[in-house]
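Novice: Chains as they are written, first to last, in our numbering: chain H, 1 to 487; chain C, 1 to 474.
By construction, these hints were calculated from the structure, which means they are not laboratory data.
Mixed in with the good hints there might be a few duds.
[Stated by the list, open to error] The list that follows gives simulated cross-link-like pairs (lysine-lysine, DSS-like), each with its CA atoms no further than 30 Å apart:
1. H/K385 - C/K79
2. H/K379 - C/K79
3. C/K212 - H/K344
4. C/K75 - H/K376
5. C/K379 - C/K463
6. C/K75 - H/K379
7. H/K379 - C/K69
8. C/K208 - C/K114
9. H/K379 - H/K409
10. C/K261 - H/K376
11. C/K380 - C/K364
12. C/K301 - C/K372
13. C/K79 - H/K376
14. H/K85 - H/K344
15. H/K94 - C/K79
16. C/K75 - H/K385
17. H/K110 - C/K26
18. C/K463 - C/K388
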Amino acid sequence: MSILAQQNLRELQALLESGACSSRDIVTSVAEQIQTVDGDIHAYLEADTEAALVEADAADARRAQGEKGPLLGIPVAIKDLLNVKGQSCRCASKLLEGFVSPYDATSVAKLRQAGAIPFGRVNMDEFAMGASTEHSAYGVTRNPWNLEHVSGGSSGGSAAAVAAHTAIVSLGSDTGGSVRQPASFCGCVGLKPSYGRVSRYGLTAFASSLDQVGVLSKTVADAADTLSVVAGHDPRDTTSDPIGVPDYAAALGEDLKGMKIGIAEEFFGEGVDPEVAASVRKAIDHCVSLGAEPVAVQFPHLKYAVSIYYILAPAEASVNLSRFDGIRYGNRVEADDPVSMMCKTRDAHLGDEVKRRILLGTYVLSSGYYDAYYVKALKARALIKQDFDKVYEQCDVLMSPVAPTTAYKIGAGAQDPLAMYLGDICTIPSNLSGGCGLSVPCGFSQAGLPIGLQILGPAFAEERILRAGHAFEQSTDWHLKQPGSFS
Amino acid sequence: MPYLPTIGLETHVQLNTQTKIWCGCKVDSSSEPNTNICPVCMGYPGSLPVLNAEAVRKTVQTGLLLGCKIGLRSKHDRKSYFYPDMPKNYQITQFDEPLCLGGSLEIEVNGKKKVVQINRIHLEEDVGKSTHLRGASGVDYNRAGTPLMEIVTEPDLHSEDEAFAYLTALKRILEYGGVSHCNLERGNIRCDVNVSVAEEGSEVLGTKAEIKNMNTFRGVHRAAAYEIKRQIRALETGTPLIQETRRWEDDQGVTTSMRSKEDAHDYRYFPDPDLAVIRLTEAQVEAWRADLPELPEAKRKRFMSELGLPEYDAGVLVADVEVAHYFETVVAATEGNAKAASNWVMTEVMRVLSESGESASRFKISAAALGKLILMVEKKTINNSKAKEVFSVMLEEGGEPETIVKEKGWVQVSDSSALEGFVTQVIAENPSVVDDYRGGKGAALQFLMGQVMKLSRGKANPKMVLELLKEMLA
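Based on the sequences and whatever the hints tell you, model everything.
Specialist: The following block contains the structure:
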């Protein structure tokens with residue numbers, strides 16, 4: 001019999017509901033699984049089992065009082081850049097070593113209200129800058145399907161934990177694909193909600209106009225249930241949208257009949273691994289066999305997406321990260337005067353990839369370059385939105401690969417940051433437009449590494465992509481496959 | 001060769017909102033250091049700003065008072081520079097779309113009136129306050145996130161006196177507008193002074209120096225005067241001037257160089273992605289306009305036309321907004337007897353205030369109580385000199401005027417038979433003075449009058465006494 005940690009969220013809800021297990025049992029099982037496998041994977045930076053058990057008992061007590069809910073009593077692994085009161089929040093950076101957060105992010109507060117247990121800090125690329133989790137200051141997170149390979153990033157810890165059954169669900173964040181790409185690499189589900197759907201309050205900012213809290217889970221239904229808890233307007237985040245939160249679970253029941261699926265050949269262009277392209281096309285064919293209607297669409301400005309992103313994201317990041325100076329919190333290198341102290345602290349404790357992006361961002365915002373880079377990139381961003389607007393006039397969702405490749409070998413991308421940046425080409429557009437996106441397992445490479453299908457939708461059309469993803473998932477068995485050593 | 005100095009002022013004004021500009025922390029400069037702070041104003045990871053609507057209203061109302069055009073679309077930008085007292089190492093300010101544009105302010109220097117053009121007013125956040133202790137530095141972040149207006153003039157001022165007059169006039173508007181506490185000692189108003197000097201008649205301005213962070217108007221006056229002299233001397237001796245930032249050394253009375261233009265920061269302004277664009281409607285702006293407090297000039301005219309005050313009284317009363325408010329409350333409590341209220345406020349009240357240095361809003365005698373006292377005089381319950389004694393009692397011991405008068409037995413005697421008794425007695429006791437009066441010495445009447453008042457222990461109705469005396473001595 002499989003252990004509790006291997007069950008998905010919906011299965012555990014049923015077990016809790018029937019009294020077959022308690023929240024304490026689930027937390028205990030997850031903690032044991034961490035103990036067993038995380039030495040190899042290194043998805044977790046920290047996991048306080050004792051504290052989680054106290055909260056599990058509280059959740060069990062709430063259930064005993066008659067309370068119900070999709071996340072009541074469920075442990076949720078939290079990406080290391082979301083603030084949880086009383087827990088460390090290092091953003092996988094040496095600079096925030098020793099920092100204990102004094103407050104809950106709104107998404108975390110909503111988890112708590114629903115009775116979920118924020119359990120464990122999961123690994124990421126430092127300040128979410130990277131696509132492999134190799135840029136964590138605390139060591140790489142390995143891919144459960146092949147320990148020689150990366151887990152993807154920046155939410156690599158979240159994806160690997162879900163895939164290795166050391167987490168039931170996990171909250172991550174997606175600025176340019178940071179939820180969807182690791183989900184694709186690790187063979188789990190990754191949901192990036194629309195910009196403004198989930199409050200960013202308490203999500204350490206990388207690029208404020210692109211960041212969004214996302215969900216990594218074992219099934220699409222689990223992602224829908226988790227989104228229903230964390231979504232909604234937050235008065236503390238003026239960029240969160242006042243639009244109402246629909247019943248995502250209800251959307252899952254519908255099939256694919258009549259849904260128009262857009263296919264833009266630009267997403268299958270140069271650099272996309274033939275194995276990946278083949279799996280994704282096969283998945284789209286499968287959707288068509290379920291009653292969906294394929295529509296050929298154009299996405300002429302896709303070729304600019306990476307350039308736009310790597311101007312705007314570093315620009316915002318260079319300023320967002322200015323606050324990490326060692327003065328009020330975190331690590332500090334002492335010096336004779338405050339400015340030297342700040343310089344030395346940042347020099348000593350920020351990683352190379354973070355420094356690279358701060359330099360890039362500082363450069364594009366500098367007087368004399370601002371118009372040529374930042375302003376131009378903003379204009380080009382509008383063209384990406386325009387492409388999407390035209391696409392969604394013709395279809396309901398857009399399907400594509402999540403990433404051009406499967407998970408690469410650890411160290412393979414480190415020498416060439418530009419190649420790594422190009423790996424974000426399929427995921428970046430929906431961050432630039434503010435739309436939503438989903439990554440669903442849709443096959444494996446010859447080498448046995450997972451491949452993901454990306455389903456994109458317009459802003460606040462999460463129901464659509466969840467419905468498509470769920471229908472696809474339920475009629476295939478890719479999501480049931482387990483990494484060999486962890487099944 | 002004659003030279004023309006040119007001065008432009010950037011005045012930072014802390015708004016008197018209850019809470020900070022981006023968070024719910026209290027704005028209070030008197031609290032213990034680092035007690036009014038939270039993740040937002042401390043720049044903690046993940047925290048986000050939410051704009052305080054009151055700060056927008058007060059900035060727009062200031063703009064309306066200064067005749068600015070209100071930007072119906074306006075936005076906030078980030079200004080980057082590293083400094084320990086700035087929690088995020090960027091300041092949220094407004095770069096190219098401020099809330100208020102244009103505007104002007106009339107000043108008077110040596111009897112000559114002049115209109116100073118205002119370039120813009122934008123709304124930004126204040127930073128923390130650094131303190132240098134022995135061997136270490138401390139930062140108090142209570143101030144960080146206090147809403148701050150920056151009011152920028154055109155280079156329109158041509159002497160230190162004009163700069164001083166502008167600041168004085170601006171402060172009065174801000175006080176009248178009720179938008180700032182305007183306490184200079186607490187740093188509510190701070191000023192950057194841009195000074196340049198050019199040859200008279202020159203088309204272009206000279207090389208400017210910016211004197212940073214002045215917190216007294218007198219300091220601005222002295223620094224501008226010094227800087228003008230320094231620059232003229234440089235021009236006269238052919239010493240090149242460089243564009244630079246300078247610091248005022250108050251104890252030495254000189255400015256010294258802080259940094260030159262070459263070392264200036266590149267602030268890397270860009271729109272703050274955490275904040276939505278501010279969109280105001282005409283209707284909103286008009287509602288705020290309708291809600292504007294009355295300005296000194298309008299108030300002065302109204303005091304004259306509606307209350308019938310002499311020009312002199314009106315001018316004195318509106319000079320200080322708190323005195324004006326106090327006066328208006330007194331008038332309301334005296335059933336509209338404005339001239340009596342004016343006399344009392346201008347003499348008794350303002351005398352005490354100038355001795356104690358207190359503001360009228362904190363005056364020990366409430367305007368309502370003073371109004372009652374004045375009414376008692378008007379209704380002849382007490383006479384004027386007794387009223388002044390009551391005033392002293394109220395000032396020293398507090399209490400309501402009616403109670404004091406009753407307790408002290410100071411009710412005015414207006415009963416003519418009782419008064420006749422006093423007058424008869426005084427005439428009988430002072431035959432020689434009576435002769436003097438009858439002999440044509442008018443002053444003698446005053447003496448007799450005083451004797452009657454003394455006899456009545458100040459309670460006699462003086463008007464009736466005078467009439468009786470005249471009658472009985474006729």
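Novice: Indicate, hint by hint, whether the structure satisfies it.
Specialist: Now for the hints, and whether the structure bears them out:
1. H/K385 - C/K79: Distance ~28 Å between H/K385 and C/K79 Cα, so the pair holds.
2. H/K379 - C/K79: holds (22 Å)
3. C/K212 - H/K344: holds (28 Å)
4. C/K75 - H/K376: Answer holds: C/K75 to H/K376 is near 19 Å, not above 30 Å.
5. C/K379 - C/K463: Holds - the C-alpha atoms of C/K463 and C/K379 are around 13 Å apart, at most 30 Å.
6. C/K75 - H/K379: OK: C/K75 and H/K379 at ~18 Å, within 30 Å.
7. H/K379 - C/K69: The given pair, whose Cα atoms are some 29 Å apart, holds under the 30 Å limit.
8. C/K208 - C/K114: holds (23 Å)
9. H/K379 - H/K409: Distance of about 36 Å is beyond 30 Å: violated.
10. C/K261 - H/K376: holds (28 Å)
11. C/K380 - C/K364: Status holds; Cα separation ~25 Å.
12. C/K301 - C/K372: holds (26 Å)
13. C/K79 - H/K376: The hint holds at about 20 Å.
14. H/K85 - H/K344: The given pair, whose Cα atoms are some 29 Å apart, holds under the 30 Å limit.
15. H/K94 - C/K79: Status holds; Cα separation ~26 Å.
16. C/K75 - H/K385: holds (22 Å)
17. H/K110 - C/K26: holds (26 Å)
18. C/K463 - C/K388: holds (17 Å)
Hint violations for this structure: number 9 only, all remaining hints satisfied.
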